[in-house]
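Enquirer: Listed below, chain by chain, are the residues.
Protein chains: 2
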Amino acid sequence: MYKCSLERMTDKIKTFSKFGATGNGGITRYSLSKEAIMARNEFKRRMEAIGAIIEVDDLANMYATLPGSDPNAKRIVMGSHVDSVKNGGNYDGILGVISAMEVLETIAEQKIPHKHPITAMIWTNEEGSLYPPAMMCSGIVCYDYLPDDIKEKFKEEDMMKSKSIIDGKTTFGEALEKSGFKGDRKYRLSPEKYLCMFETHIEQGPILEEAGNDIGVVDCVLGMFNYRLKFYGQAAHAGTFPMKKRKDAFYAASQALCYLHEEIDKLGYPDLVYTTGEVVCHPSVHTVIPDYFDFSFDARHEDPKVLEEVLAIVKSCANKAWAGCTCKVEKMWNRDTVYWDEKLVSYVKEAAEECGVSHQYIHSGAGHDAQFVAYMLPTTMIFVQSKNGLSHCEEEYSSPEQCTSGATVMLNAVLKADAE
Amino acid sequence: MYKCSLERMTDKIKTFSKFGATGNGGITRYSLSKEAIMARNEFKRRMEAIGAIIEVDDLANMYATLPGSDPNAKRIVMGSHVDSVKNGGNYDGILGVISAMEVLETIAEQKIPHKHPITAMIWTNEEGSLYPPAMMCSGIVCYDYLPDDIKEKFKEEDMMKSKSIIDGKTTFGEALEKSGFKGDRKYRLSPEKYLCMFETHIEQGPILEEAGNDIGVVDCVLGMFNYRLKFYGQAAHAGTFPMKKRKDAFYAASQALCYLHEEIDKLGYPDLVYTTGEVVCHPSVHTVIPDYFDFSFDARHEDPKVLEEVLAIVKSCANKAWAGCTCKVEKMWNRDTVYWDEKLVSYVKEAAEECGVSHQYIHSGAGHDAQFVAYMLPTTMIFVQSKNGLSHCEEEYSSPEQCTSGATVMLNAVLKADAE
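Residue numbers (my numbering), protein chains in the order written: chain P, -14 to 405; chain F, -14 to 405.
Simulated from the structure, these hints should not be mistaken for lab results. Check the hints yourself; a few may be wrong.
With a cut-off of at most 35 Å between alpha-carbon atoms, the simulated DSBU-like pairs for lysine-lysine come out as follows [claimed, not checked]:
(1) K171/F - K230/P
(2) K316/P - K215/F
(3) K251/P - K230/F
(4) K71/F - K71/P
(5) K372/F - K71/P
Between beta-carbon pairs, the in silico distance windows are [what the hints assert, rightly or not]:
(6) P132/P - K251/F: 48 to 54 Å
(7) D326/F - K154/P: 49 to 55 Å
(8) Y(-13)/P - K229/F: 53 to 59 Å
(9) P132/F - E248/P: 46 to 52 Å
(10) K251/P - K300/F: 28 to 34 Å
(11) S301/F - K154/P: 56 to 62 Å
(12) P132/P - T156/F: 50 to 56 Å
Yeah, the Cβ is synthetic: ideal placement off N, Cα and C, and Gly gets one too.
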């Protein structure tokens, strides 16, 4: 049983929190931005300092590898991302990178023997906050292994043309060229060169905190679907158009949202989550009745039958009259539940037990690069407790002790995989 | 009884519809934009052709005047605006300018005798679509005569600093300098030089069409209030945060909106209109529970007691729990009902009767430059039927015959004021 360093982890958390700091406790660090490049350079500097070999593939994914005793053995990789959402926190993504660095630093410092090369990795553009979609580069790298309906969303050619949501012009491909981090395709993660993958991540929910456990042994990523509900009304002047003749798309959407909550809550599934986070209102002028409104609908649950029941309710919105408006329900995407590799899950569980870290099994509600890798390599994840369950916001927090426990569990699980 | 020319009106409607045409039947013609300047130049060209004297004040308000027989008589002014909302129609505002031009053209062509000088006028920036607020320049010109609570919204100094909603940088003052239409303050509309004002405008509602009347004899502009309802929740990740702990600001706002409709509709006032047209959702990302949502609330009715009842319901939202979120209700502005000058209203009514134009009394639900002028000069308005009651959208339509009837009624009403 080996232990990671609380002091070194604390220093890394503090240092990386500076790259893109908003001044309000969080960060905005879009992929390939100058802030993200500062984080990449810090990663490179620290990994070179322990003698790791740095490789960068053609998608700017970065790999820092400590060689093992067997020159023919495949690599064990640990990784996550350094990019964030707008006004995000100091842990989502970056904690998985810091933890992977910490594992390599501990191995180097304590000269821990290992057969396989061990790699710490940065995935490019996991959030997709500037260049959608999320998990873009794991989608491209794992493309050949993905199910067909996911595949079609991650065609490399299309991804390169993804436009900046800020200027509506710059493409991801251009940002990649400009970043100075476009390397060689031959370095991409592949089953020929890599044995398995671990990703440490904050929970982003309140389950571990409520149960009083520091670490989650993740067994799956929940299945989900993402739809769009669109409401079509009629624009007219706020002061002159009688109420009884109005077709107000915002009011229609509000009625439908209340109906959705009412009907879905009747199903009574406590583990189900659903979210209507993205909103468009047109023309959004105080003197005009809105003629168009849409919102996203994202639902997640392990059991596909539960998701089917929810989807039936969502689809039923299209058949109803909402404040005189028509409604269209459009599918954006869905995914089935992805189960992690059983053997790797058991290594994480054993490592947590042996290290005396409080833990429990948990599902992942969020999507992560690891879930695309799971179609290609044996893969698993480790969760670290999130304070108040908050994430994708500046209040995101996990204590340095919990973060260090996460790294310690990953280190020992990696060594179990190495000894296999 | 004199008649305006259908042919000349049709030509003007067609010509002005080109300046800022969107290609979908409507226009986008922001104040002081190159499209608006094309409209101003056309106004100048046509008014100079009939011998009118052109004056431009320091706010770019334009005045074209035909002298009368009495050199000491005050002017009678007719006017409206040439600017539009985004994707607006070919009638809102511009019809009042075209009708004023048509009245002068008819007077010139038919050599109709009149004592007072008669002026056709363009008000700058009525919509406030690019540089808020609406009715900016009538607010500045009539400033000294406005009630205190309206006054404070129209300080000239503040107005000049109003920033473009497109680039967030250019100020109205800068746009004014750059336009080439900044004239002399001495030309501003004033009670020393002007006797009274008429404004012809489309109804922007379905009342005249339903009653089968071409023209509305407007008796007042409805009192109104504009509030903002703000909902504060907690951002968290869509996939990981249990439903029962969520504070979803969009859901909160939707519940409140349904509640508002339910409670206000119970009051049972058929003439009341209220609108929630402007919406802000933060962060508006499909994987994040919204932590902030707000919407505008605009209510209009002739009777201040009715507005008070509605306002009490709006304010009650702040005391309720909406999906775990808090709610703030903030006043933006309000105005009392403005009644038009009784004598001018009777001239319009008599003119419509004498010209055999179908007509009725009507309230104005929308705000117009005339309502600020009403604090300074005797003022009234004439409405022209709107097809399907639509306005502030590209479908806006009034037939050339109806538009010509409006001009004819205004011409004869102006001549009655002239003969007073």
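Enquirer: All hints, please: hold or fail.
Expert: Hints, one by one, checked against the model:
no., hint, verdict
1, K171/F - K230/P, "46 Å, violated"
2, K316/P - K215/F, "31 Å, holds"
3, K251/P - K230/F, "17 Å, holds"
4, K71/F - K71/P, "29 Å, holds"
5, K372/F - K71/P, "45 Å, violated"
6, P132/P - K251/F: 48 to 54 Å, "52 Å, holds"
7, D326/F - K154/P: 49 to 55 Å, "54 Å, holds"
8, Y(-13)/P - K229/F: 53 to 59 Å, "40 Å, violated"
9, P132/F - E248/P: 46 to 52 Å, "49 Å, holds"
10, K251/P - K300/F: 28 to 34 Å, "32 Å, holds"
11, S301/F - K154/P: 56 to 62 Å, "47 Å, violated"
12, P132/P - T156/F: 50 to 56 Å, "54 Å, holds"
Checked against the numbered hints listed earlier, the structure breaks hints 1, 5, 8, 11; every other hint is satisfied.
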